[in-house]
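Here the structure of chain U is known, so what remains is to put chain E in place on it, guided by the hints.
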Amino acid sequence: MSKPLLTLLATACALALPALAHSRPLTLTAQLKNYGGDGAYLAAYLTDAKGAYVRTLWVAGGKAKYHKHLSDWSRLSAGDAKRLNGVTGASVGAGRTLKVTADLADALLDAGYEIRIDAAAEDMRDSPSEVRIPLSTANAGKPQAGKQYIQSATFQLQ
Amino acid sequence: MSWKAIHRWLGLTIGTLAVVLGLTGAILAIDPVQQAWQAPAAPDGLPVATLVERVARTVPGAEEIRRLPSGAIVVFSFAGDQPQASYVDPANGQVLGAWQASALPRWVKNLHRSLLLGDAGRWGAAGIALTMGVLCVSALVLLLRRMGGWRRLAARVRGTLAQRIHVVAGRVVLAILCLTSLTALTMSASTLGLVALDTRAEPEVLSVVTGQPDLPGAQLATLQRLAVQDLRKLTFPGTTDPEDTWKVATAQGQGWIDRTSGQMLAWQDAPLAQRIYDLAVVLHTGEAAWPWAVVLGLVGASVLLFWGSGVVIWWQARRQAPHITGNTPLAQADVLIFVASEGGSTWGFAQTLQDALSQGGHRVHTSALENFRTTAATRQVFVLAATYGEGQAPAHASHALEHIAKLGASAVPVTVLGFGDRQYPTFCAFAVALDQTLRAQGWPALLPLECIHQQSGQQFARWGVALAQALGKPLVLEHVPRVPPTVALTLVARQDYPGADGPATAILRFAWPAQGPGARLRGQGLARFAAGDLVGIVPPGSAVPRYYSLASGWEDGFLEICVRQMPGGLCSTHLLGLQKGDSVAAFIRPNPGFALPRTRRPVLLIGAGTGVAPLAGFIRRNDRQRPMHLYFGGRDPARDFYFGPEMQRWLGEGRLTTLQTAFSRVPEGGGYVQDALRRDADRVRGLVAQGAIVRVCGSRAMAQGVAETLDEVLAPLQLRVAALKARERYAEDVF
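Sequences listed follow chains U and E, in order. Counting from 1 along the first sequence, just add 200 to a position and that's the residue number in our numbering. Counting from 1 along the second sequence, just add 46 to a position and that's the residue number in our numbering.
The following block holds chain U by itself, in its conformation from the complex (with noise of 0.2 Å):
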């Protein structure tokens, strides 16, 4: 079995079994620039620490046709069957705040694991890897800026 399965089971098994493993929500909060576009497609992901796609935190924006511009989540994620299973909401307009909670396995913290958030907006650029924000408790509530369309980002744990 490849390694990266491997990586794959393991994280299933810990989201999927919460009685077993400890887990606590996680809200991420992003607040996007007055960037002068249409709505912005945004995915929201993990990755371990090598870089490897874990699972969809969240996705907005509801065209598959779109889904290629969020170039790094739809290449890494490719081979996940379920990633839009009931994490996809409407697009995010330009200024406004996109506000989303997950289920978060105890073991992924401090773990070397890291959120990213994908971005594009039409006839704008794509922007892959917009925001990287390390999965750590010492990041947890600590702003960070995106390259063009995050104003900040911010997951906070409970």
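No wet-lab data here; the hints were simulated from the structure. Each hint should be verified, as a subset may be incorrect.
Quick list of in silico lysine-lysine cross-link-like pairs, DSS-like style, CA-CA up to 30 Å [said to hold, decoys possible]:
1. U:347 with E:293
2. U:233 with E:155
3. E:279 with U:347
4. U:347 with U:265
5. E:519 with U:265
6. U:265 with E:279
7. E:626 with U:268
8. U:265 with E:155
9. U:268 with E:155
10. U:347 with E:155
11. U:299 with E:155
12. U:263 with E:50
13. E:279 with U:233
14. E:279 with U:263
15. U:233 with E:293
As the structure is a computational prediction, the values presented were derived from the model and not from experiment.
For chain E alone, kept in the frame of chain U given last:
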């Protein structure tokens, strides 16, 4: 539902929204034009590698090069934290200025594609595009029907101003509008997720980290072979990720290139759906070629023109449509009246009949002939049928005969009343056919077939007497035709041509009252007219207008007619009795088939008696001195050479090229106008061979004689009058 009904109702309802899409589309067409103007395209054959080298020199931190469909080059980069997008001159890499996706506010595009209503609006816009497609298809069917087939598609368009605008503009832009709807639907299908353009995942490819330095873009073999005009997008490998690759996209597909070895690591061909989509976008937006964008913009704006003229056409048709008052529902009516009418006047007779029968206690239902049927309550049926053209049914009742032939007869009497004109060889032919079919089917009749000549009220009243006797009830049919609103014309001059005993003919010149532009827009006051149109005069003591051909146009500033005393004629007696300052009630009736087309071709005018009036009007307005040749037939130059002195002046001014006269009642007068034509056979043939337009005005007998003579004269050319008529080169105005 007929094509016409589909076209009309879709156009009036959803067409209103199509106007919004058309106008926003026209505005969006500004973008491609502006972008083409802002930045130059790459020279032919410039390799992408060279462009990369130039860009690397002038734009530090370049991350992506895009070639816009217009050919302009845009480079994306970061200046510190600030993302930048700039036009670059591909010839030298020079930065030309900042790039923006669109110079227009975003709501314009969102209004165009989703009516500002999000996804629901996108479905709506797609529905409008589909409607537009149906409107185009129905328009083509109606256009072919109206013009008489593909071959006659380019022929002259007749009708009111709104109809001409609608049809002429439709001929020009129909194909492009249809293409625009089709491409819109293609784009909608993928946006709404009905068609997946590319479902494949991007390949998992990484540059191999060897410790060697990156190969500069200019040295990548793939980019050296690729011309800039084939490029869509080139993404540079990221500076922080040593495994990142170059990514190149063209119309054919996309590829990933190793940053150190320069090897193509993977290539994906663009799927067919993607290519079709790309083509649809280019055709719909015009972004690849600004002249096409200009065309699309004009076509988009034309939707407003179609909608506006369409609404006017519908409104005019509605106003002219028959309004039967006091109609009983079909199931309760004991008397049914079915009408086949071409111009609408037969509906007026039906109303008179309906009113008279209703007064006699009957419950009457009046409907169009195509709805012919009887019910259990029906006791009497009347069919009022006009004949169109050469004995055909009026258009709306074209299938009525077949329909009736399929129905089984019942014991209810069906009486046919025909309307027509005895001067036509096929007098009331449709009514006759209808009557024969009904009798053959076994329907009884209350009264035998009667044919009313020239909408004669007296004849209609006599038929009413017969009807009253047959029904055994008193019944009076007093028909008052509907007359359009009239204007009081004032006589300003008259020129008399005395007959053998007293004044017999006069050329009367009238003035019309001043009218403001507001009144004109509302359709009040005297309509604009040209020589050859008709003026309807309503004499006092009568409700029936008489029509006279106009010898002048609106531009002449006066309205002129030539009136001959008819024995016992109410209207001609009244007109010839007018003194200067007296006025008459009049309205204009257009006669578009007789007007001269605007070409430089020669014109052959043939007129007899007062029939010369419209021809004189043509000559008077011949400011451009196109060759006009007049053949005039009269009785005696001393008595009825109408417009004689003017003709001489017009000859001198070059408005009239030649004048041939024939007078039948004087020795050596030259006989009839037909004789003059026969004498000049060679010359007449020559003119017709040059493509001359022919206009004939006079009595029906004279027109018949002229047509027969011309058939003889033109025989050597293998041409007949009927063929000239079909090509709209020959028209008659007869009385």
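Checked hints:
For a cut-off of 30 Å, the pair hint linking residue 347 of chain U to residue 293 of chain E stands: about 20 Å separates their Cα positions. Proposed proximity of residue 233 of chain U and residue 155 of chain E is supported: the alpha carbons are some 21 Å apart, at most 30 Å. A threshold of 30 Å between alpha carbons decides the hint, and for residue 279 of chain E with residue 347 of chain U the separation of about 20 Å falls inside it, so the pair holds. Distance hint between residue 347 of chain U and residue 265 of chain U is fulfilled; the C-alpha atoms sit about 24 Å from each other, no more than 30 Å.
With a C-alpha separation of about 79 Å, the suggested pairing of residue 519 of chain E with residue 265 of chain U is violated against the 30 Å cut-off. A threshold of 30 Å between alpha carbons decides the hint, and for residue 265 of chain U with residue 279 of chain E the separation of about 18 Å falls inside it, so the pair holds. A C-alpha spacing of about 86 Å is found between residue 626 of chain E and residue 268 of chain U, which places the hinted pair above 30 Å, so the restraint is violated. Distance hint between residue 265 of chain U and residue 155 of chain E is fulfilled; the C-alpha atoms sit about 19 Å from each other, no more than 30 Å.
Pair hint residue 268 of chain U plus residue 155 of chain E holds up; C-alpha atoms about 22 Å apart against a cutoff of 30 Å. For the hint linking residue 347 of chain U to residue 155 of chain E, the alpha-carbon distance of about 26 Å falls within 30 Å, and the restraint holds. Between the alpha carbons of residue 299 of chain U and residue 155 of chain E the distance comes to roughly 28 Å, so the proposed pair stays at or under 30 Å and holds. For the proposed pair residue 263 of chain U and residue 50 of chain E, the alpha carbon gap of about 39 Å is over 30 Å, so the pair is violated.
The hinted pair formed by residue 279 of chain E and residue 233 of chain U meets the criterion: a straight-line CA distance of about 26 Å does not exceed 30 Å. At most 30 Å may separate the alpha-carbon atoms for a hinted pair to count; residue 279 of chain E and residue 263 of chain U meet this at roughly 22 Å. A distance of roughly 28 Å separates the Cα atoms of residue 233 of chain U and residue 293 of chain E; the hinted pair therefore holds under the 30 Å criterion.
Checked against the numbered hints above, the structure breaks hints 5, 7 and 12 and satisfies the rest.
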